[in-house]
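Heads up: the sequence shown begins at 345 in our numbering, then just goes up one per residue.
Hints were generated in silico from the structure; no laboratory data involved.
Keep in mind that a hint or two might mislead.
Unchecked claim - Label-pair restraints from in silico Cβ distances:
#	residue 1	residue 2	range
1	Asp422	Asp383	54 to 64 Å
2	Asp477	Glu373	53 to 63 Å
3	His436	Glu406	52 to 62 Å
4	Trp430	Ala355	51 to 61 Å
5	Thr415	Ala381	38 to 48 Å
Ideal placement from N, C-alpha and C gives every residue a C-beta, glycine not left out.
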Amino acid sequence: MPEPTPEPVPAELRALAADAEALAERTAEVAARLEAADDSHLQRLAQPMNEATDDLAGYTGEIARAAEYLTRVRVSRDPHLCDVPWGICPVHGVTLHSLGDRAWCTTTGCGNTWDYDRLHTPCTEPAAAIATDRDGATGSLCTAHASDAAQRLDGCSIEYFDDTAANS
345 MPEPTPEPVP AELRALAADA EALAERTAEV AARLEAADDS HLQRLAQPMN EATDDLAGYT
405 GEIARAAEYL TRVRVSRDPH LCDVPWGICP VHGVTLHSLG DRAWCTTTGC GNTWDYDRLH
465 TPCTEPAAAI ATDRDGATGS LCTAHASDAA QRLDGCSIEY FDDTAANS
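Could you put the whole structure together from the sequences, leaning on the hints where they help?
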């Protein structure tokens with residue numbers, strides 16, 4: 345297991361998921377041995393062990409998903425990426441819908457889907473502009489978030505890093 349840091353790292357969570365998976369395998373083995381026993385009292389103990397195995401398998405999946413999400417959050421801190429704390433469709437902008445661990449663009453004809461909750465995950469698109477609001481606060485935005493900010497935020501100015509991004 346990696347050395348603990350003030351903030352958990354994805355490798356820590358992946359190690360926890362592996363530990364939970366190993367424990368699930370051990371409980372499944374014990375449950376199988378209980379089921380195979382000649383004593384009916386022991387056989388009845390297999391049911392709670394099987395339930396524990398199922399619970400551990402669920403926890404393993406949850407921990408693995410948390411590790412994936414943590415990876416995305418840490419990647420989003422890259423100064424060359426968009427600062428916005430929610431995702432977008434890179435083609436159509438603020439058009440995402442999500443349910444559980446899936447997200448998709450709601451624009452008719454767009455086939456963009458993601459196997460994670462992109463809507464509630466920090467944006468990881470490359471920064472293409474600097475946005476400045478009327479109070480002087482600035483942030484690096486991807487093309488889609490910059491376009492949305494220009495339309496929605498009164499007094500917001502957008503300065504694109506290059507002319508091609510401004511025209512997309």
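Here's how the hints hold up against the structure:
Look at Asp422 against Asp383: about 59 Å separates their beta carbons, and that is inside 54 to 64 Å. Against the hinted window of 53 to 63 Å, the Cβ-Cβ separation of Asp477 and Glu373 comes to about 59 Å, which satisfies the hint. Under the hint 52 to 62 Å, the C-beta atoms of His436 and Glu406, about 31 Å apart, miss the expected range. The supplied range of 51 to 61 Å is broken by Trp430 and Ala355, whose beta-carbon atoms lie about 26 Å from each other.
Roughly 44 Å separates the CB atoms of Thr415 and Ala381, a value that falls within the hinted 38 to 48 Å.
Against the hints set out earlier in the document, violations occur for numbers 3, 4.
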